[in-house]
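Once you've looked at the hints, dock chains B, C and D against the given chain A.
Residue numbers (the working numbering), protein chains in the order written: chain A, 1 to 345; chain B, 1 to 345; chain C, 1 to 345; chain D, 1 to 345.
For chains that are exact copies, the list does not tell them apart, and a pair is met inside one copy or across any two.
Straight-line C-alpha distance at most 30 Å; calculated DSSO-like pairs for lysine-lysine:
#1 K335 to K70
#2 K335 to K325
#3 K325 to K6
Keep in mind that the hints were calculated from the coordinates and are not lab data.
Number of protein chains: 4
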Amino acid sequence: MILILKTGASEDQVAHVIARVEELGMRAHLSRGTYRTIVGIIGDENRIREEPLRAIPGVAEVVPVLPPYKLASLDAHPEPSVVDVSGVKIGGGNLGMIAGPCSVEDEDRMFRIARSVRDAGANLFRGGAYKPRTSPYAFQGLGEDGLKLLRDVGDRFGMPVVTEVTDVRCVDLVARYADMIQIGARNMQNFVLLTEVGRTNRPVLLKRGMSATVTDLLMSAEYVLSQGNPNVVLCERGVKGFDPATRNLFDVSAVPLVQTLSHLPIIVDPSHATGRPDLIPACALAGVAAGADGVHIEVHDCPEVAKSDGPQALLPDQYRELAAKIRQMAELLGKTISPLPQALT
Amino acid sequence: MILILKTGASEDQVAHVIARVEELGMRAHLSRGTYRTIVGIIGDENRIREEPLRAIPGVAEVVPVLPPYKLASLDAHPEPSVVDVSGVKIGGGNLGMIAGPCSVEDEDRMFRIARSVRDAGANLFRGGAYKPRTSPYAFQGLGEDGLKLLRDVGDRFGMPVVTEVTDVRCVDLVARYADMIQIGARNMQNFVLLTEVGRTNRPVLLKRGMSATVTDLLMSAEYVLSQGNPNVVLCERGVKGFDPATRNLFDVSAVPLVQTLSHLPIIVDPSHATGRPDLIPACALAGVAAGADGVHIEVHDCPEVAKSDGPQALLPDQYRELAAKIRQMAELLGKTISPLPQALT
Amino acid sequence: MILILKTGASEDQVAHVIARVEELGMRAHLSRGTYRTIVGIIGDENRIREEPLRAIPGVAEVVPVLPPYKLASLDAHPEPSVVDVSGVKIGGGNLGMIAGPCSVEDEDRMFRIARSVRDAGANLFRGGAYKPRTSPYAFQGLGEDGLKLLRDVGDRFGMPVVTEVTDVRCVDLVARYADMIQIGARNMQNFVLLTEVGRTNRPVLLKRGMSATVTDLLMSAEYVLSQGNPNVVLCERGVKGFDPATRNLFDVSAVPLVQTLSHLPIIVDPSHATGRPDLIPACALAGVAAGADGVHIEVHDCPEVAKSDGPQALLPDQYRELAAKIRQMAELLGKTISPLPQALT
Amino acid sequence: MILILKTGASEDQVAHVIARVEELGMRAHLSRGTYRTIVGIIGDENRIREEPLRAIPGVAEVVPVLPPYKLASLDAHPEPSVVDVSGVKIGGGNLGMIAGPCSVEDEDRMFRIARSVRDAGANLFRGGAYKPRTSPYAFQGLGEDGLKLLRDVGDRFGMPVVTEVTDVRCVDLVARYADMIQIGARNMQNFVLLTEVGRTNRPVLLKRGMSATVTDLLMSAEYVLSQGNPNVVLCERGVKGFDPATRNLFDVSAVPLVQTLSHLPIIVDPSHATGRPDLIPACALAGVAAGADGVHIEVHDCPEVAKSDGPQALLPDQYRELAAKIRQMAELLGKTISPLPQALT
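One chain only, chain A, in its complex shape (with noise of 0.2 Å):
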């Protein structure tokens, strides 16, 4: 860590900078410029990083050197992980083909969307049992109802199921019936949430928050891993921007900068990022060909009736024309989209 002294800080002010990082175990470099003077701070980083060094009188500024997680790094874990979902791989190479509709509506809906998306090349499905919906009055998912209803679907497909938590007191549950647990964009810096996902054994798709930098988003990954956890997998689906034309703003070059700073897999959502099927397929492909470790998509039958978020879904053809193209391209550079784990299809 580096402090960058006040121009014009006082001898005292010196002194009393270093006498604090003393005081904190490690030691002091100074080195004194032609206008400020420089205070290297050496020893164990991470021992420090939350002191407020800051408030010292006389510093102007502190400059971190180390990145402020430690179990997402590329230091901790050099080689891109790769999480098993009930069979199907994501990260390494293998692309993660996750396909659905928002919530979790009727069986046979469900039933018809599954075989639809399955059939298309899709390896894991989703859909919601707790929708976090931004107005009370709308439509908040079936409960432990649609658990039970996806649950069966998965089983009857063949294909691991992804549900989003929202409620620490239901991750349990969740846990109990998903493949794999989503926490969604709003729940990113919900840290006790984020918490009691660790201390499962599931693997968790964490969402990028709408106002949180590629490191904020290693560091919710962070509470979760720090908790035994370290079945991750990062997803991009849209931060806040200033076009009305897209409901969020697609950062396509965070696939590549997650992977310049952690092993962590990293899958697109260009659903959520956009909000407009008439946008979404370029930018699935925009994601794969950046390097993304998957996809994730909203589907749905009939979007008109939807029970959430019809407006930004595809059609089961619209989604079937799209994953033969990921497919093409996947094999252009070199990745494989993990087959369902077992031979239902």
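Just chains B, C and D now, with coordinates in the frame of chain A:
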């Protein structure tokens, strides 16, 4: 609600749109323009707000006419609400002056800080016992011990206390000790937590999320209100910006904007908005001048050893000076700093 | 255009709105909803687009029905435009591969870089002779000497050249030397410059401004088109974002979004979008996969001595590797990298 | 300047970094930490600020120690500057009250508006003769006729006038008629225009660009100052935000932030910042309370027929009421609204 159809929408599509609207129990009023057909929907907009109308084939855009919140709106309550926090009033000409350290720390320090801010004119004492920290390795708060200590401080100095809740399982516990419950920015769309807090009878301080529009903020307030708890105070504390010079971007216009839309009081938190003690006083005064119903400031007597957010704390003397200026400005604007509930001072 | 009146708009206000609409030569179609009155305006929206309708008393909101650009729209030209830059085609399945150093520097270096990018597959050579630098103390470009040198390079290697114009007084000069004129991001809304460039017959490379919506970008293109110059190529080069990890935020969704709205070609510039050589290849491929009509990359053979933007330049070898991957992806997508105009290679 | 080297930078790289630094005429001071090596550069940072140090192999990050502007900094001029606009003072405790219509329109209207704002307390009259419009089809201003009319209004009512220049070829013409020259937000980084305006002796009103950091704004001021024109007044007028409820996001914290960095006066423009008459007064007062050196407001006596920006204009009566409140607040803060230069009122 207005549906703008796509250029070249077919007659079949128009007929289907009308049928769909009528199925939903509304009437459709067609207006064929030079280029586009527009369908005005007549009936109670709230009944169809959550329907996926934009997913109906041929529909290009859906324009709502009413705001999506009800209880938070001026229609529901045309006069400004006054929230009473154990005797201290916020709103309707009464300023809440919330001050205290970021985290609850040791007793001596709490007492010292509380005395200084009370003497300076604060009427509510703050301190976090449960801290939502970006890093799992950072100080997470003293928990229930912190709550007890905070209660002691409040009782000793005659100041109602406000503290954050981050875990839905702790809502009752926090409500037992605190006069006002804070929902932090990162939990503004933790709808489960909002719902539980709405079930208590404690006033709620609801902080705006970093990427939340004012409508989003009011929708989160609606969650609390719709559970039967009418005592919500909103708080502008900076949104995500692109200039690294400040921690966040203080959106002072949110104050008058809320007042054109809602009866709920809104205060400002320039500590989190700027993250810089040298900018906090100017932004606090700006907030009051813009019409804010209170000011939330973090104060610490030795920021360089604070357990969290030290670098953004004002010193007690700086707070005293600022509070004096706020008092003068309040007078100019015809507002009152609500006195402490008892003559304990 | 639709006018949504305020709740409680008086009959006098309604009558005045109608009168004002008719004064402007349009017809008004009234629709009284349950809560609000809506006025559909019938007639040529373009004639009244710039009228301050929102300032008419009683009007709450104005909802346009048509896009504000005409010549740039798909209505004006339903097929994708192909822009011919002295024999190199961009658009309609043809990829422009623009490469070269940020600034024109000395002749030897220019020749070396040009040879390497041409051999790698670039079909347009770039280099700035007039540099818009944030600092008045930074290198501002070689001026006309730079233009001459750029022309020499183009002639010697058979590559059309593109260079930026920043001063309206230099437009003719630049047009004399360059095959394509670039308008930089900071000048995207320099309407005087757009107008002058629109009066030349040179193809224009129009870069998106850092806070411009796609509509803003198309409106700037409209300035050029409306002067009679139909040869505009748009360029996504990153918008302002909140994550300091990258220089800008690469908005890859702008590529398919433009294609739903306009016939103009759009290319991507991952060099400026990310500012990081380690992210440029992934983002370049993402752009092509999303449907971009070309890729703009800065290349330098010794970035540490480059006169500008060295830290974001690819080395010639890195460019060669990337160009090979772009070629493979182009093939997969059925696109062609437009060959050099003459068999000089 | 500090160079942070990459983890694992080789000894050869370290040696090359040092050699490169010395080649540039500076000295390098090495500090080997537990994880990383840091190189402090000793010497005049300004001489190497524009060198591509981040492109040197092995360098991870470059941390500047000094701000990139000189003449605009407090080092160059520790006291607040006072800019004299033909007798009206801005800065150093003097408030500039700029008011007038967006565009110069017909003479009668100009006279009516000028009289009303002068009587309300404005001390500078504004009006655009050259309008930078998003659409090529919108009213572009009256040009030189507008300038003449504006001059007449100024002379008649004894108010200095301010007007925008958009074309480098018109700088002398505008300087002939106007007392103060405005550079609009969209031209804040039109460096050619800044340079030309810097060569006149007219005070310059420099508006912050929509995606400009405060450092960017000060760098643009530096362009003007470095040409010999010291009379620059900065203007915060809203940056790009994500909430469509307001036209831009009013960054009131820019006012005190500028004052910690620069001696230049800074005023606020809540008209463009919010785009909403119902929010303008609150934001104007917020700006003054935050320490702004003036307030820029658009006023029109019949917004529904204004040639531009009608929907955001205040009516003369609304301006009078606001100006009275600003006067009271100025008094409270110990500031003066600079009187008109002559006793013509």
